[in-house]
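Student: What follows is each chain in one-letter form.
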Amino acid sequence: MSDTPAGTLGVAAPASPGMRRFLPSRPGEAVAFALVALFLLAFLVVPVLTVVTVAFQDRATGGFTLAHFGDFLSNDLFTTSFLNSLYVSLMSVVVASLIALPLAYFTTRFEFRGAILVQTLGVLPLIMPPFAGAVAMGLLFGRSGTVNLLLGDLFDINIPFMEGLNGVIFVQSVHYFPFILLNLVASLKNIDRAMEESAQNLGAHGFRLFRRIVLPLAMPGYVAGASLVFIKVFDDLATPLLLNVREMLAPQAYLRITSVGLEDPIGYVISVVLILFSVLSLWVSSLALRGKDYATVQRGGGGLARRRMSRGQAVAAYAVIFLILALVLAPHLGLLLLSLATVWSFAPLPDGYTIAHYARVFAESSQYITNTLIYAGLAGLIDVVLGTTIALLVLRGRIAGARWLDYLAMSALAVPGLVLGIGYLRTFFGVTLPDGRSLASFWGIIVLALAVRRLPYALRACTAALQQVSASLEEAAENLGARRLRVIRRIVLPLMAGGLAAGFITSFATAAVELSATLMLVQSSGDAPLAYGLYVFMQSPAGRGAGAALGIIAVVIVGVSTLLSHLVAERGGGRKSP
Amino acid sequence: MSELLAREPAGIRVEGVDLSYGATRVLKDVNLEIRPGEFFAFLGPSGCGKTTLLRLIAGFNAAQRGRVLVGGKDVSALPPWKRDVGMVFQSYALWPHMTVRRNVAFGLEERRLPRAEIATRVEAALRLVGLDGMGDRRPAQLSGGQQQRVALARTVAVRPQVLLLDEPLSNLDARLRVQVRRELRDLQQSLRLTTVFVTHDQEEANTVCDRIAVMNEGAVQQVGTPMELYDHPANLFVAGFLGTANIVPGTVLREGGAAAFEVAGGTRIPLPPGLAVPEGARLMFRPQDVSLLPPGSDPAGRRLIEGEVAHREFLGASMRYGVRVGGAEVLVDVPHTGGEGHLQVGGRAALALDATRVKLLAG
Numbered sequence: 001m002s003d004t005p006a007g008t009l010g011v012a013a014p015a016s017p018g019m020r021r022f023l024p025s026r027p028g029e030a031v032a033f034a035l036v037a038l039f040l041l042a043f044l045v046v047p048v049l050t051v052v053t054v055a056f057q058d059r060a061t062g063g064f065t066l067a068h069f070g071d072f073l074s075n076d077l078f079t080t081s082f083l084n085s086l087y088v089s090l091m092s093v094v095v096a097s098l099i100a101l102p103l104a105y106f107t108t109r110f111e112f113r114g115a116i117l118v119q120t121l122g123v124l125p126l127i128m129p130p131f132a133g134a135v136a137m138g139l140l141f142g143r144s145g146t147v148n149l150l151l152g153d154l155f156d157i158n159i160p161f162m163e164g165l166n167g168v169i170f171v172q173s174v175h176y177f178p179f180i181l182l183n184l185v186a187s188l189k190n191i192d193r194a195m196e197e198s199a200q201n202l203g204a205h206g207f208r209l210f211r212r213i214v215l216p217l218a219m220p221g222y223v224a225g226a227s228l229v230f231i232k233v234f235d236d237l238a239t240p241l242l243l244n245v246r247e248m249l250a251p252q253a254y255l256r257i258t259s260v261g262l263e264d265p266i267g268y269v270i271s272v273v274l275i276l277f278s279v280l281s282l283w284v285s286s287l288a289l290r291g292k293d294y295a296t297v298q299r300g301g302g303g304l305a306r307r308r309m310s311r312g313q314a315v316a317a318y319a320v321i322f323l324i325l326a327l328v329l330a331p332h333l334g335l336l337l338l339s340l341a342t343v344w345s346f347a348p349l350p351d352g353y354t355i356a357h358y359a360r361v362f363a364e365s366s367q368y369i370t371n372t373l374i375y376a377g378l379a380g381l382i383d384v385v386l387g388t389t390i391a392l393l394v395l396r397g398r399i400a401g402a403r404w405l406d407y408l409a410m411s412a413l414a415v416p417g418l419v420l421g422i423g424y425l426r427t428f429f430g431v432t433l434p435d436g437r438s439l440a441s442f443w444g445i446i447v448l449a450l451a452v453r454r455l456p457y458a459l460r461a462c463t464a465a466l467q468q469v470s471a472s473l474e475e476a477a478e479n480l481g482a483r484r485l486r487v488i489r490r491i492v493l494p495l496m497a498g499g500l501a502a503g504f505i506t507s508f509a510t511a512a513v514e515l516s517a518t519l520m521l522v523q524s525s526g527d528a529p530l531a532y533g534l535y536v537f538m539q540s541p542a543g544r545g546a547g548a549a550l551g552i553i554a555v556v557i558v559g560v561s562t563l564l565s566h567l568v569a570e571r572g573g574g575r576k577s578p
Numbered sequence: 001m002s003e004l005l006a007r008e009p010a011g012i013r014v015e016g017v018d019l020s021y022g023a024t025r026v027l028k029d030v031n032l033e034i035r036p037g038e039f040f041a042f043l044g045p046s047g048c049g050k051t052t053l054l055r056l057i058a059g060f061n062a063a064q065r066g067r068v069l070v071g072g073k074d075v076s077a078l079p080p081w082k083r084d085v086g087m088v089f090q091s092y093a094l095w096p097h098m099t100v101r102r103n104v105a106f107g108l109e110e111r112r113l114p115r116a117e118i119a120t121r122v123e124a125a126l127r128l129v130g131l132d133g134m135g136d137r138r139p140a141q142l143s144g145g146q147q148q149r150v151a152l153a154r155t156v157a158v159r160p161q162v163l164l165l166d167e168p169l170s171n172l173d174a175r176l177r178v179q180v181r182r183e184l185r186d187l188q189q190s191l192r193l194t195t196v197f198v199t200h201d202q203e204e205a206n207t208v209c210d211r212i213a214v215m216n217e218g219a220v221q222q223v224g225t226p227m228e229l230y231d232h233p234a235n236l237f238v239a240g241f242l243g244t245a246n247i248v249p250g251t252v253l254r255e256g257g258a259a260a261f262e263v264a265g266g267t268r269i270p271l272p273p274g275l276a277v278p279e280g281a282r283l284m285f286r287p288q289d290v291s292l293l294p295p296g297s298d299p300a301g302r303r304l305i306e307g308e309v310a311h312r313e314f315l316g317a318s319m320r321y322g323v324r325v326g327g328a329e330v331l332v333d334v335p336h337t338g339g340e341g342h343l344q345v346g347g348r349a350a351l352a353l354d355a356t357r358v359k360l361l362a363g
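Top line first, the protein sequences correspond to chains F and D.
1 is the number of the first residue of the first sequence in UniProt numbering; add one for each residue after it.
1 is the number of the first residue of the second sequence in UniProt numbering; add one for each residue after it.
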């Protein structure tokens with residue numbers, strides 16, 4: 001039926017601008033558009049613009065000035081912090097690449113039974129926030145940590161894994177290398193086998209083949225992953241703070257705002273620098289991907305030809321994999337040990353074991369857990385509602401500007417959590433609630449910050465879910481007499497359910513362990529979520545056990561939700577529209 | 001052009017090749033002789049092993065048994081990059097990160113030729129395929145037909161000993177296919193390059209190739225010129241794969257000196273004297289070897305078989321009737337000259353079979 005002229009016209013009509021004026025107007029759509037626009041304006045655009053404005057504003061006159069940037073550049077502490085941030089981010093990319101490259105190469109190039117193992121490696125670090133493992137990594141790899149104690153006994157050497165900036169680089173690369181690994185594996189798998197074979201046929205082999213054909217074809221995926229790692233590390237506040245590294249940009253901004261005060265312009269200048277680098281690295285990544293969709297799989301294609309490994313190669317490959325596996329599992333294992341340890345210092349392993357830390361967490365600080373579940377749950381809900389509305393407006397709506405809502409929501413990707421937190425404090429400090437308190441100190445503001453930060457991911461999930469619902473299914477319902485809202489409720493939403501659930505869980509899981517914006521916005525420990533509690537506990541040696549117990553609880557929450565989202569995604573796969 | 005002429009044309013010999021993937025036998029005792037300068041086709045249905053055999057010659061597969069000789073030299077142990085065997089891939093496999101010129105120059109650079117010679121050979125190759133002036137484009141900016149020419153230019157630029165083409169026409173639309181296959185033939189002739197062409201389309205193979213190896217289930221069924229294969233198929237598979245064949249089951253009867261073929265249902269068809277009778281044979285003839293007459297007519301010298309018209313298809317140049325004879329159905333092509341009366345479905349018809357054109361074939 002759909003190939004009849006009438007059917008084609010029916011499908012194309014909503015998209016064609018010429019037809020628009022003949023269709024009945026939908027007042028509900030305009031209301032939805034206005035509400036979403038208002039939300040994004042209030043909780044994303046205004047706070048970020050406020051931060052930027054303050055950075056360029058003379059405090060006395062209110063006029064434009066570059067004086068704050070001058071102060072920033074003429075202060076050794078800040079220039080050092082800037083260079084340190086740059087150095088740490090770049091080195092993290094390098095180290096993460098060194099971890100990811102061999103793994104990607106082994107799994108795509110060889111017939112290799114360890115591929116499943118490597119795929120598991122790929123997601124394991126992502127279910128734990130990097131700061132959670134930071135302290136545990138100190139105990140394992142620090143100057144008097146397990147590894148160095150053993151190395152000292154055996155070889156009388158001490159490797160400064162965790163000294164100063166090294167520690168940040170080490171923790172961040174072990175945590176973020178999966179972004180490079182996943183992107184790299186995907187692009188290597190997408191290379192048509194014939195690409196490589198035709199080069200061999202023309203006389204290329206070995207390293208030349210890799211350098212001239214395989215590497216350039218895999219480059220876009222690599223750059224996308226690498227720029228993601230760069231910006232995550234550049235913006236991160238919690239990991240350097242927990243490792244007691246203060247001479248980096250994000251910690252400096254945090255310390256200035258919290259110790260000097262909201263009026264101090266340096267925090268805003270740093271925020272602008274952070275945004276600038278976020279935009280820059282997103283731009284580099286999109287540049288790398290633009291027009292270079294090398295997904296060239298055709299009939300007979302499907303990844304590089306897999307070679308069988310010789311015995312020696314297999315031994316070497318497994319050795320590398322197990323070394324990396326040990327590294328990746330180190331923070332998890334260390335955290336688990338720490339959460340069960342009575343005393344653990346200057347010893348390879350804890351002196352004794354106890355579950356007292358868990359008892360303490362549940363007895364004294366269970367509000368951290370309930371707060372986290374409430375905040376992350378609400379944030380996930382807001383994201384799914386906003387995401388679905390925007391997706392509907394863009395894909396099915398008739399308002400020409402709907403696309404801009406999508407762009408606006410996605411632009412949250414370029415806003416570091418720290419910047420959003422500072423923006424909220426500054427913008428909403430003067431707004432008083434009915435009970436006389438400031439809006440900036442109300443716990444709901446944390447929920448909103450979490451929702452805005454995770455919105456891009458939820459929006460993409462909702463858009464993908466809606467794209468799988470054929471517009472003709474809706475038209476059939478309208479043709480049978482259903483009104484617009486009823487069509488959405490009875491046809492569209494049920495068909496999107498799987499995708500929406502996956503979007504919710506993704507938002508929930510990542511919001512549950514967010515710390516950058518939260519650190520800025522939490523006003524009292526009664527309102528604090530789990531990640532904040534972990535941070536507070538980890539400040540004192542006595543609190544480390546309880547902090548680690550909270551960390552393990554966070555890992556369990558995120559791990560279970562990740563598992564759930566995989567299950568939902570798999571089940572949802574069976575209900576795609578024809 | 002002269003820059004790209006093949007050196008001495010080389011032949012290909014495939015000797016006793018067995019190749020399995022796990023328990024699946026993909027090639028079974030394959031023996032072939034491809035002569036120097038010949039345009040040769042591997043023809044067969046998908047999964048028959050033709051592409052595997054081509055990739056074996058190029059060095060992308062390893063056989064468990066047997067060997068491959070190119071230009072008289074055993075290449076079985078050589079990796080793909082040392083074989084000097086040019087291959088054009090079905091997907092063309094143009095590298096998207098290089099311009100057309102860089103793509104064509106690749107093989108020459110790998111051979112460490114002097115820069116000046118690379119430049120002349122690249123230009124010559126592009127001119128040869130009619131793409132001069134397109135050197136600075138990217139593969140994505142070219143049409144499918146142009147991409148294929150680049151792939152061809154890239155391969156002939158290195159002056160390989162032989163040229164292998166893996167389903168080169170399959171990604172082109174129907175009209176382009178006819179044009180390109182002629183151009184391929186012209187190119188092969190002018191370069192005097194031994195060429196192997198893999199296809200599942202018998203028309204493609206018939207129109208461009210000197211000789212064809214028909215393959216099925218990993219084994220070579222028959223090797224010959226297109227006409228030999230069509231007129232004298234070695235078995236039922238070859239008969240059915242090249243053109244349309246009537247294949248009629250029945251038994252061979254001998255009455256004195258003459259032999260006849262009895263179709264299930266009792267109808268007898270006389271066989272020409274001296275026809276070989278293989279075990280379990282079936283009768284094979286082409287639709288155009290039968291003519292269809294209204295019932296009652298009696299042309300001299302031909303035995304008539306009575307049947308009923310079961311269906312008919314208008315093919316343009318001819319009308320193809322399906323006539324039920326006893327338990328079998330026979331296809332008959334009647335040339336269409338316009339305005340003629342045709343037999344109706346359900347009507348009776350008499351088949352006049354040219355007995356000299358029938359074959360007895362085993363499966």
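Careful: at least some of the hints might be erroneous.
Cβ pair distances, simulated, as ranges [stated by the list, open to error]:
#1 Pro-278(D) with Arg-211(F): 37 to 47 angstroms
#2 Gln-189(D) with Arg-211(F): 30 to 40 angstroms
#3 Glu-111(F) with Lys-82(D): 57 to 67 angstroms
#4 Arg-67(D) with Arg-211(F): 25 to 35 angstroms
#5 Met-219(F) with Arg-25(D): 32 to 42 angstroms
Worth flagging that the hints you see were computed from the coordinates, not collected in a lab.
Because the structure is a prediction, the values reported are computed rather than measured.
Heads up, the beta-carbon is just placed ideally off N, CA and C, and yes, glycines get one too.
Student: Indicate, hint by hint, whether the structure satisfies it.
Tutor: Tested hints:
1. Pro-278(D) with Arg-211(F): 37 to 47 angstroms: Between Pro-278(D) and Arg-211(F), where Cβ atoms are some 59 angstroms apart, the hint is violated.
2. Gln-189(D) with Arg-211(F): 30 to 40 angstroms: holds (38 angstroms)
3. Glu-111(F) with Lys-82(D): 57 to 67 angstroms: Distance hint for Glu-111(F), Lys-82(D) is violated at roughly 23 angstroms.
4. Arg-67(D) with Arg-211(F): 25 to 35 angstroms: holds (33 angstroms)
5. Met-219(F) with Arg-25(D): 32 to 42 angstroms: holds (41 angstroms)
Hint violations for this structure: numbers 1, 3, all remaining hints satisfied.
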